[in-house]
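Student: Protein chains in written order, with this note's numbering: chain A, 185 to 455; chain B, 3 to 413.
Because the hints were derived from the structure by calculation, they are not lab data.
In silico contact screen, one side only, chain B against chain A (beta carbon under 7 Å); selected entries:
{"no.": "1", "residue": "SER106"}
{"no.": "2", "residue": "PHE110"}
{"no.": "3", "residue": "LYS112"}
{"no.": "4", "residue": "TYR121"}
Every residue, glycine too, gets a C-beta built ideally from N, C-alpha and C.
Residues per chain are reported as follows:
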Amino acid sequence: MRHVRGFDVARPLSIGMLVFMMLPLVFLPLASIFIFGTSNGLGNFWAALTAPEAIFALKLSMATSFWATLFNVLFGLFAAYVLSRYNFLGRNALIVTISLPTAIPTAVAGFALLLLWGPYGTLGRFLRPQGIQIMFTAGAIILANIFVTFPLAFGVIKPVFDTMSRSLEEASATIGATRVQTFWHVTLPSLRGAIVSGALLTFARAVGEFGSTILVSGNLAGRTQTAPLYIFAKFNEGQIEAANAIAIVLALFSFLIFSVLFFARDWLDVD
Amino acid sequence: MAQVARMMKQSVTPDFKESVSQTAASVVGVSKFFGKTVVLENISFDVAEGEALVLLGASGSGKTTILRIIAGLEQPYTGKIMLHGKDVTELPARERGVGVIFQSYALFPKMTVEKNIGYGLRIRKRSRKQIKQTVNELLSLVQLEEHRKKYPSQLSGGQQQRVAIARTLAYKPEVLLFDEPFGALDAQTRVHLRREIRALLRKVNVPAIFITHDQEEALELGDRIAVIRLGHIDQIGTPSEVYNNPATEYVATFLGAANILEGTIHNGHVEVGSVQIPARIDVAKFSEGQSVKLIFRPEDVSVSKTQTLPSGHACLLSGIVEEISFVGAYERLRIRLDPGGSAACDAGDTPYYLTTETPESQTAKPIIATRPKPESMATKLRQGDRVFIGLTSFTILPSDSRASPGPDSSK
Numbered sequence: 185m186r187h188v189r190g191f192d193v194a195r196p197l198s199i200g201m202l203v204f205m206m207l208p209l210v211f212l213p214l215a216s217i218f219i220f221g222t223s224n225g226l227g228n229f230w231a232a233l234t235a236p237e238a239i240f241a242l243k244l245s246m247a248t249s250f251w252a253t254l255f256n257v258l259f260g261l262f263a264a265y266v267l268s269r270y271n272f273l274g275r276n277a278l279i280v281t282i283s284l285p286t287a288i289p290t291a292v293a294g295f296a297l298l299l300l301w302g303p304y305g306t307l308g309r310f311l312r313p314q315g316i317q318i319m320f321t322a323g324a325i326i327l328a329n330i331f332v333t334f335p336l337a338f339g340v341i342k343p344v345f346d347t348m349s350r351s352l353e354e355a356s357a358t359i360g361a362t363r364v365q366t367f368w369h370v371t372l373p374s375l376r377g378a379i380v381s382g383a384l385l386t387f388a389r390a391v392g393e394f395g396s397t398i399l400v401s402g403n404l405a406g407r408t409q410t411a412p413l414y415i416f417a418k419f420n421e422g423q424i425e426a427a428n429a430i431a432i433v434l435a436l437f438s439f440l441i442f443s444v445l446f447f448a449r450d451w452l453d454v455d
Numbered sequence: 003m004a005q006v007a008r009m010m011k012q013s014v015t016p017d018f019k020e021s022v023s024q025t026a027a028s029v030v031g032v033s034k035f036f037g038k039t040v041v042l043e044n045i046s047f048d049v050a051e052g053e054a055l056v057l058l059g060a061s062g063s064g065k066t067t068i069l070r071i072i073a074g075l076e077q078p079y080t081g082k083i084m085l086h087g088k089d090v091t092e093l094p095a096r097e098r099g100v101g102v103i104f105q106s107y108a109l110f111p112k113m114t115v116e117k118n119i120g121y122g123l124r125i126r127k128r129s130r131k132q133i134k135q136t137v138n139e140l141l142s143l144v145q146l147e148e149h150r151k152k153y154p155s156q157l158s159g160g161q162q163q164r165v166a167i168a169r170t171l172a173y174k175p176e177v178l179l180f181d182e183p184f185g186a187l188d189a190q191t192r193v194h195l196r197r198e199i200r201a202l203l204r205k206v207n208v209p210a211i212f213i214t215h216d217q218e219e220a221l222e223l224g225d226r227i228a229v230i231r232l233g234h235i236d237q238i239g240t241p242s243e244v245y246n247n248p249a250t251e252y253v254a255t256f257l258g259a260a261n262i263l264e265g266t267i268h269n270g271h272v273e274v275g276s277v278q279i280p281a282r283i284d285v286a287k288f289s290e291g292q293s294v295k296l297i298f299r300p301e302d303v304s305v306s307k308t309q310t311l312p313s314g315h316a317c318l319l320s321g322i323v324e325e326i327s328f329v330g331a332y333e334r335l336r337i338r339l340d341p342g343g344s345a346a347c348d349a350g351d352t353p354y355y356l357t358t359e360t361p362e363s364q365t366a367k368p369i370i371a372t373r374p375k376p377e378s379m380a381t382k383l384r385q386g387d388r389v390f391i392g393l394t395s396f397t398i399l400p401s402d403s404r405a406s407p408g409p410d411s412s413k
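Chain A with its partners taken away, still in its complex shape (with noise of 0.2 Å):
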């Protein structure tokens, strides 16, 4: 390639070729979804997102990802300060039985819940008698949530927790603070940014469930009907205006969220 003064022309070159080949495996299918979803003009997209079933299996998908991020981030805080502060027997298989959920295809996940906690599970048929039912809920939404988002928060903290000098908390215990003290005014703040992170990616993942979710939900429209869910119910029935208006949603919803981790990890991470 001919190199010309003070312009490299492979630099042109390859940053094209990258562009053009995430064309058709990214920008495409994401433009497609804006292109399609308003190509009946506006009025018609915002009725299909006004839609009663469509509001409810958003908010629905809002508010199971929201508890099962809140326990997972608090499960990995805790997990994270356990696993990096002691060494015990046994440490190291706990370490990977947390991690194990990601590499467990979602529809196994979904599964194994309905297998536990079913009607005739392992467990659920001693609840049945006792008129509790937990699959086909709201809370086995969030059941399904938790298990497949389960090491995301703890996978960003613990490395932290890891790094972070034991000396920081010994010094806060020589100066007089108690170890709930400690834990809030000095590893907490260190600890700010991976929380915030774990805490986007765990919601990110959980409201885009969707292989354990429409195993252990029941897909019951207007009850236990997640957006994603809804998005394959309405295309099934041919509703491809309805399917479309809620993928935008998803669509923008995760593109902010990772905006976020991008470019507020400066702050995420401020020391």
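Using the hints provided, position chain B relative to the given structure of chain A.
Tutor: Structure of chain B alone, referenced to chain A:
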């Protein structure tokens, strides 16, 4: 605020040594094992009010463990820790009121300088006004007023260290513990900072324990030095005691350079090879014929071209200058002693003795001498010159001094 005010008042005391008699902290018979490894064995010492004690030892000597046990970050197996007469062995770190300045300073990265300094008072639920006042006083004490809003990462190493000190002074610690305080700094800053800290400590009159492996630092910082080796205190005493009268060979060699010659006790004298040196020692401590070590510092060696040595110098031997090196502040000579002990020097009123026995190989080993500039200018020496050697002072220790600590170690 009252605490700092009290500290300031104490600082007016002209001579801080007046209060030395009062014990601020005691370590009593502390032992510690990690598994079967003995880390500390029966360590005991006191720190007086306002005193700076330096624990000097190589890495792995157990000095950091002593510090952590005093702070309550580790538990001893036996023994106890007393702070101002109170047994705190069973107390957790947070209830001991000890100030630890960590090697890394351990400043809280997400807090500003003033938040760091006020931390101890905030968790003690002091009033906002009181915290503000104390923080202001401490900021001016450590001269960091203009950096109050900065984060630790924006400060230099020395500034961070001052924040760390101020942070502990805020709650008026019983004792300050410095863990290798200058380890992370370059040589120049180190010298500057340790003088600064020494001055600051005199001002606030808080007893301090320093940990270091740097003998120069120990000599300059400490009112007293405890030399730690393999979990033992080999010797504890003032810098001049430890330097001039080392209790063990280890102490002698760890604190500066030392020449060591082997000899035996004979008729109340030390016999090194064929030379007898009149020993100013308590002969009762040694038995006739016991093998001993004669230890002297390079600067205790006086070198003369003639047989006349300044009065008061014990004449040792004659030797040949093997090597002369210029080390900046002084000149260093390597002198190989004559094997025969043929020299007879006229050393004023100090008698010397020569035996006619066969010389031992000991005397053929080289010794190191240093001479200050004026002297090396006045009497120029060259390689190969024959010189007469005298000693201004020396220490005699039993050859198995490793096993028995010197008589001073009980202090």
